[in-house]
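Enquirer: In my numbering, the protein residues as written are 3 to 514.
Check the hints yourself; a few may be wrong.
Stated by the list, open to error - With a straight-line Cα cutoff of 30 Å, these simulated DSBU-like cross-link-like pairs (lysine-lysine) come out:
id, residue 1, residue 2
1, K185, K118
2, K387, K125
3, K48, K118
Just so you know, the hints here were simulated from the structure itself, not pulled from any lab data.
Source: prediction; values computed, not measured.
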Amino acid sequence: MIAVAAPSVASLVQSVDWVAIAPPVIAAVAALVVLVADLFVGDARKAVLGWISVAGLAAAALALIPLIGDERSTFCLTGAPYEACSYTADRFTLVVQFLVLAGALLTALLSISALKDAKNADKPLPEGEYWFLLLSSAAGAALLPASRDLATLVVALEVASLPAFALVGLKHGDRRSSDAALKFFLSSVTATAVTLLGVSFVYATTGSLHLTRVASELTHVNGQFHTLAQAGVALTLVGFAFKTAAVPFHFWVPDTYVGAPLPIAAYLSVIGKAVGFSGLILVTVVAFPSYANVWGPALAALAALTMTVGNVAALRQQATRAYSAVRLLAWSSVGQAGYLLVPIAAAAYSDDPQKSIGSTLAYALMYAAVNLGAFAVAALVARTKPLNRVSDYQGLYASRPLAALVLGFFLLCLAGLPPGIIGLFAKVTVFSAAVDAGLGWLAVVMAVNVVIALFYYLQWTAALFRAPEGEPSAHRIPVPLTAAIALTAVIGVALSGAPQLILHFVNNGLFL
3 MIAVAAPSVA SLVQSVDWVA IAPPVIAAVA ALVVLVADLF VGDARKAVLG
53 WISVAGLAAA ALALIPLIGD ERSTFCLTGA PYEACSYTAD RFTLVVQFLV
103 LAGALLTALL SISALKDAKN ADKPLPEGEY WFLLLSSAAG AALLPASRDL
153 ATLVVALEVA SLPAFALVGL KHGDRRSSDA ALKFFLSSVT ATAVTLLGVS
203 FVYATTGSLH LTRVASELTH VNGQFHTLAQ AGVALTLVGF AFKTAAVPFH
253 FWVPDTYVGA PLPIAAYLSV IGKAVGFSGL ILVTVVAFPS YANVWGPALA
303 ALAALTMTVG NVAALRQQAT RAYSAVRLLA WSSVGQAGYL LVPIAAAAYS
353 DDPQKSIGST LAYALMYAAV NLGAFAVAAL VARTKPLNRV SDYQGLYASR
403 PLAALVLGFF LLCLAGLPPG IIGLFAKVTV FSAAVDAGLG WLAVVMAVNV
453 VIALFYYLQW TAALFRAPEG EPSAHRIPVP LTAAIALTAV IGVALSGAPQ
503 LILHFVNNGL FL
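Can you make the complete structure from the sequences, with help from the hints?
Expert: Shown next as C-alpha cells:
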C-alpha cells in the first residue's frame, strides 16, 4: 500500500479581503437588488430602477478609493508548494476597474434617456431585465482585471460577455437586433471554446491555473510537451483576439453596434474592449512571458492588420447610408483596437514591458472618454433622426452649437489633432512604444493609418459646421443625456489640458 500525503489544511484555506473585492461585489449586489425590485415596482415607476443602477455603479467606483496606493490580494493558497492568489488589486487592476465602472456609469446615464424615449415611441424595452443585465456585465468586467488565475479569468470574461448578448438582442421584434445578437453570440461562443481549449493545454503542461505559477512552469516544460504548450498559448491568444475585435475576428462588430440599443453599442465599444485587452495583457505579460517569441510577432501582425482594415472600412462608409454614423464609429473602434494592440506586441521585445503596457492603458483611458462622448452625441442626434446617418449631422452647429463643438472635439481627439491634445499624446506614446521595441515597420504602418483616419474624422467634423439643408430644429435634451455629454467633455478637456495625468501610468509602470 502506497501512502498518499493529504494536502495540508493550511494550503486549502482561502483568505478573503472584502475591501479588495468590494467594487465587483457592489455591482453584483446592485444587479440583484434591481432584479428583486423589478418584481415590486409598477410599470409607471420603472425609471427608479435606472437610478438604483446609477447609484450602485457610483458606489462600486467609490469603493476603489480605499485601494489606492496599496496592493491587496485575496483568495490565496498559503501553504506549500507555493503561494498564489486568485484576486489581486494592484495599480493595473484599479485603473481598468475605474475605466470599466466609470464607462458603465456613463452608459447608465445614456440608457435612462434611451429607455424613456423607447417607451414614448411605443417600442418599450424591458427595463428590469435591461438594468440587471447591464449591472451583471459590469460586475464581470470589473472582476476580470483582478483575476490572477486562468479559471477566474475565463469566468469573469463570460460573466461580462453573456449578459451583453441579451442586451444586444433586447429590442423585441427588431430583425437587426436579433441578427446582431446571433452574430455576437456565435462569435463569442467560438472565442470561449477556443480559449478553454488553450487553457486546458496550458494546464496540462504546467499543472497550475495561477498566472504566476504558469509563468514559472512554462520556462522548463518537458520537450515532449513543448508543442502542446505552444498550442495552448496560441489558442488562448486567439480566444482573446475575438474579444478585442482584432482582424480577422472582427466580423461581428458593425452589425452588432447597429442592431444594439445605442447605449449598449457605446458600452461594447469601450467596456468590451477594456475586458478583452486587460485579459490579453494578463495572459501575455504575466502568464506567458517566456513565450514572447510566439505572441509578440502574432500580436504585431494582428495590430497592423486590425488598424488597416478598420480605418479603410471606416473611410468607405457612405454618409447617406442608414446608420452610417454608428457604422463609422464601429469601424473606427476596430481601427483603434489596432493601436491598442501595438504596445502589447511591443512588450514582447521591450526591456521594460510595464512601460509598454502603460502605453496601452493610457490610450485606453483617452479612447474611453472621447468615444463614449461621441456615442452620447450620436444618441442626442438619434432622438430626432433615428436613421443616424453621417449626413444627418450636417449643420448641427446651427441647431445645437455646444453639441457640435463637443462632437468635433471628440473626433479631433480620436484623430490625434489639436485641440484634442490627449489624443495626440496617446498616439505618440503608442508610437514610441513601437519604436523603442525595435518595431519600426509597425510604427510606419501606424503612421499611415493615422493619415487615413484623418480623412474621415475631419470629413465628419467639417459637416458639423456646414449650412443645414433644412430649418434647424432644437428639442429639449434629457438631464441624464446632458450629464453624460458634459462629463465626457469635461474629462476630455481636462486630460487635454493636463495629459500628464494619463502619461503618469506610462512613466511609472502599472504594477505596484
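Enquirer: Compare the structure with each hint and give your call.
Expert: Status of the hints after comparison with the structure:
Using a Cα cut-off of 30 Å, the hinted pair K185 and K118 holds, with the two alpha carbons roughly 27 Å apart. Between K387 and K125, the direct Cα distance comes to roughly 16 Å. Compliance with the 30 Å bound is thereby established for this hinted pair. Among the hinted pairs, K48 with K118 is consistent with the structure: their alpha-carbon atoms are about 10 Å apart, no more than 30 Å.
Checked against the numbered hints above, the structure breaks none of them.
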